[in-house]
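Given the coordinates of chain A, work out where chain B should sit on it, guided by the hints.
Going down the list, the protein sequences come from chains A and B. The numbering used here applies: residue 1 is where the first sequence begins, and numbers increase by one. The numbering used here applies: residue 1001 is where the second sequence begins, and numbers increase by one.
Because the hints were derived from the structure by calculation, they are not lab data. A virtual CB, placed ideally from N, CA and C, is assigned to each residue, including glycine. Warning: the hint list may mix true and false statements.
To be clear about the criterion: a stretch of chain A counts as covered by chain B if any three or more of its residues have a C-beta under 8 angstroms from a C-beta of chain B, and this derived list gives those stretches [what the hints assert, rightly or not]:
{"no.": "1", "stretch": "60-72"}
{"no.": "2", "stretch": "288-294"}
If you anchor each label on the Cβ, the simulated ranges turn out as follows [said to hold, decoys possible]:
{"no.": "3", "chain 1": "B", "residue 1": "Val1090", "chain 2": "A", "residue 2": "Asp88", "range": "29 to 35 angstroms"}
{"no.": "4", "chain 1": "A", "residue 1": "Val399", "chain 2": "B", "residue 2": "Val1090", "range": "51 to 57 angstroms"}
{"no.": "5", "chain 1": "B", "residue 1": "Arg1228", "chain 2": "A", "residue 2": "Val281", "range": "53 to 59 angstroms"}
2 protein chains.
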Amino acid sequence: MRVSKLFTKTRKDIPSDETSKNAQLLIRAGFIEKEMAGVYAYLPLGKKVLDKISTIVKEEMNSIEGQEIQLTALQPKDIWEVTGRWSDDVVDIWFKTKLNGGAEIGLGMSHEEPLTALLKNYISSYQDLPVFIYQVQTKFRNELRAKSGLMRGREFLMKDMYSFTRTEEEHQKLFLEAKNAYERVFKRIGLGDITFFTTADGGIFSSDFSYEFQTIAETGEDIIYLDRDKNIAINEEILSDEVLSKLGLIRENLEVKKASEVGNIFNLGTKYSKPFDLNYVTEDNQLKPVIMGCYGLGISRVMGVIAEELSDDKGLIWPEEIAPARFYLINLGNDQEIVERTNEVYKRLIDEGIEVLYDDRDVRAGEKFADADLSGIPYRVVVSKNTVVQNKVELKSRVSNETELITLDKLIESFGVKL
Amino acid sequence: MRVSKLFTKTRKDIPSDETSKNAQLLIRAGFIEKEMAGVYAYLPLGKKVLDKISTIVKEEMNSIEGQEIQLTALQPKDIWEVTGRWSDDVVDIWFKTKLNGGAEIGLGMSHEEPLTALLKNYISSYQDLPVFIYQVQTKFRNELRAKSGLMRGREFLMKDMYSFTRTEEEHQKLFLEAKNAYERVFKRIGLGDITFFTTADGGIFSSDFSYEFQTIAETGEDIIYLDRDKNIAINEEILSDEVLSKLGLIRENLEVKKASEVGNIFNLGTKYSKPFDLNYVTEDNQLKPVIMGCYGLGISRVMGVIAEELSDDKGLIWPEEIAPARFYLINLGNDQEIVERTNEVYKRLIDEGIEVLYDDRDVRAGEKFADADLSGIPYRVVVSKNTVVQNKVELKSRVSNETELITLDKLIESFGVKL
Chain A
1 MRVSKLFTKT RKDIPSDETS KNAQLLIRAG FIEKEMAGVY AYLPLGKKVL
51 DKISTIVKEE MNSIEGQEIQ LTALQPKDIW EVTGRWSDDV VDIWFKTKLN
101 GGAEIGLGMS HEEPLTALLK NYISSYQDLP VFIYQVQTKF RNELRAKSGL
151 MRGREFLMKD MYSFTRTEEE HQKLFLEAKN AYERVFKRIG LGDITFFTTA
201 DGGIFSSDFS YEFQTIAETG EDIIYLDRDK NIAINEEILS DEVLSKLGLI
251 RENLEVKKAS EVGNIFNLGT KYSKPFDLNY VTEDNQLKPV IMGCYGLGIS
301 RVMGVIAEEL SDDKGLIWPE EIAPARFYLI NLGNDQEIVE RTNEVYKRLI
351 DEGIEVLYDD RDVRAGEKFA DADLSGIPYR VVVSKNTVVQ NKVELKSRVS
401 NETELITLDK LIESFGVKL
Chain B
1001 MRVSKLFTKT RKDIPSDETS KNAQLLIRAG FIEKEMAGVY AYLPLGKKVL
1051 DKISTIVKEE MNSIEGQEIQ LTALQPKDIW EVTGRWSDDV VDIWFKTKLN
1101 GGAEIGLGMS HEEPLTALLK NYISSYQDLP VFIYQVQTKF RNELRAKSGL
1151 MRGREFLMKD MYSFTRTEEE HQKLFLEAKN AYERVFKRIG LGDITFFTTA
1201 DGGIFSSDFS YEFQTIAETG EDIIYLDRDK NIAINEEILS DEVLSKLGLI
1251 RENLEVKKAS EVGNIFNLGT KYSKPFDLNY VTEDNQLKPV IMGCYGLGIS
1301 RVMGVIAEEL SDDKGLIWPE EIAPARFYLI NLGNDQEIVE RTNEVYKRLI
1351 DEGIEVLYDD RDVRAGEKFA DADLSGIPYR VVVSKNTVVQ NKVELKSRVS
1401 NETELITLDK LIESFGVKL
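Just chain A, same shape as in the assembly (with noise of 0.2 angstroms):
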């Protein structure tokens, strides 16, 4: 993509009521547009970067034979009367709304009812358990307080993923693949060496533990006490010697760090297959609630924890993986030779299936390096008459800085294979 053809341009200004860092650089950055608090819009580089994310998260929950569906955002008050949840004195973020002829819906903040009553559908024998269905989808939740951007939307995306099995061994088998798959999640996303599996607060879906995943952040909203030889950390709600104990913690070994969640998976157990009637018969012609797991991850909120965390004072820096692109090629100058020069490496690069952005605009070399930063790409390429003259290109990493002069040939032989 030129950057001369993208309608987007970084932005000085940003809305005098943004305070969060990484709405603030994605809004500079041209990547994202408030339209109000906790609801964001999604500029083209932003689409980016929030689609590579989603597909990652599809192809290991796809891995794991995780089945993809789409439920709806639109809520019949009746199956969540079942469960109590309709009740804004149980659930205080619902937005409610009308259809014209009376009846009063909701907007999906989550979706164990719907999926639970339409696997009654699907589900009544042994033979159709264990299964694991999983949704990326637009969650709407009515937050009071929606002041960090991406990382605490009233609008957002999220994968959520719900597993069906016969009995509490099958469900921690299925536990162990989902965990396994999120750290598969977490290392491609850039996010690995800072994410760790922490136990915490069963909270309203369950008696017992949940598991989180924990991004140490600056402005985490949660503490984690973190044992790094272990790498396991507890939730600091749930921090007692009892717990220690029973997780095998000692506590002078653990760090004291802020972190934000980026996953979280809860035991449902029956809680919500029981006011269902969600149940299958046995080999042996028993019946049996079906028990069930949950496994969120903010993909949109991921998406934040990264500009918020990964950043610098230059702007964003996206891992390689999930970046708008792998490349941002200048030409230095608007010389014919270096034109051409930049043309010829922006067309190689994109038939080897590289995908570039190119700064071709007609402004001063501070201002296209200034936009390289901001923009977080990975590698910065120039074009320039020294370039030109030695037959190679500059290559400098977002990440260290470095600087090398390479041939294209080399460049491409490098970067190319890993895509």
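For chain B alone, kept in the frame of chain A given last:
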């Protein structure tokens, strides 16, 4: 995918209040589930079809340099008051709700206002134009009557593209590019032969004509007058001698057909740019309002039209590019030799990158055949005692019903290359 692993099943029972043929078929085949009138969830096979249609639409919008974004479902009142479209007297299909804290908001039923407002941040000069911007997004419309299954949803998936141009001539140029892209979409999704570019009323968007793509459909809501030689049509709502002469059509040459609108194009002129002051500075330093166009395509609606119009008494019939799989593979009998051979065929097809739904269930042959037909997958492949002896498989086309015995190599050779 193995049918034994798929959580959905074909169903005999359908909701008693479901009267539309497309939804009845899709529910019976396990592609969708009804949540309420005009609101449907997509199950794994249905989600695949929806995604494939989306992908084709996106590819064709990208081919004319459309830039993909994602606007928000939650809409603030103030930007819609600029054009007067917040009022329920003007737009009677709003879903409205309230933020915790009190402010009234709406659910996006279209996105002209937010996009025009957003572009004020980015467009100021003739150098910023022209541009095509599009999104594929869930729209919400509070329809009083939603009895046509996927063909008229209260919650539905739509591609809406907008063009921003400097002059009427430039608008005409982009309009033609979009028209051609639409024709490629309808050809690829299998509606090319029965879909016609139709002149219609400008409606609330324009005082001039608008343009529709109308697919001939028994249950269509529109009447079109079709000139097959010229490959264009006119919507009955604007039929008059004056309009016919303007379009160079002769009444006697026209066929009357019921049809269903699958796409539309409006010349918005300055209807939105003027109230929002979306202006640009010309090369000779004049301030002019931007000329806009709007290009809609109902993705879930198109899926409904295809389910309704291309089906037969045995079930669905999916065009090849949007089918949930290319082959429906069946093992006829459970002899070890047959099962092993079918497993081989399955593995080989998957290794070739061909999508297969493998009906490995231990059920009657008749049930497998009926489900293969109902699912609408283009080709059925059967492995039986007879085919094993001949070292072939039996191939049957869902459309033509023609059957042939063919070697696996030949099968892959004929089909693999198309993918």
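Is the gap between the beta carbons of Val1090/B and Asp88/A within 29 to 35 angstroms?
31 angstroms, holds
Coverage criterion applied to the stretch 288-294 of chain A (partner chain B; beta-carbon cut 8 angstroms; 3 residues)
Since three or more residues must qualify, the claim that chain B covers the stretch 288-294 of chain A is violated, with 0 doing so at under 8 angstroms.
Can the suggested window of 53 to 59 angstroms be confirmed for the beta-carbon pair Arg1228/B and Val281/A?
58 angstroms, holds
Stated coverage of the stretch 60-72 of chain A by chain B [criterion: 3+ residues, CB within 8 angstroms]
holds (count 7)
Given a hint of 51 to 57 angstroms, does the C-beta separation of Val399/A and Val1090/B actually sit inside it?
Holds, since Val399/A and Val1090/B (Cβ atoms, about 52 angstroms apart) stay within the stated range.
Of the numbered hints given earlier, the model fails hint 2 alone.
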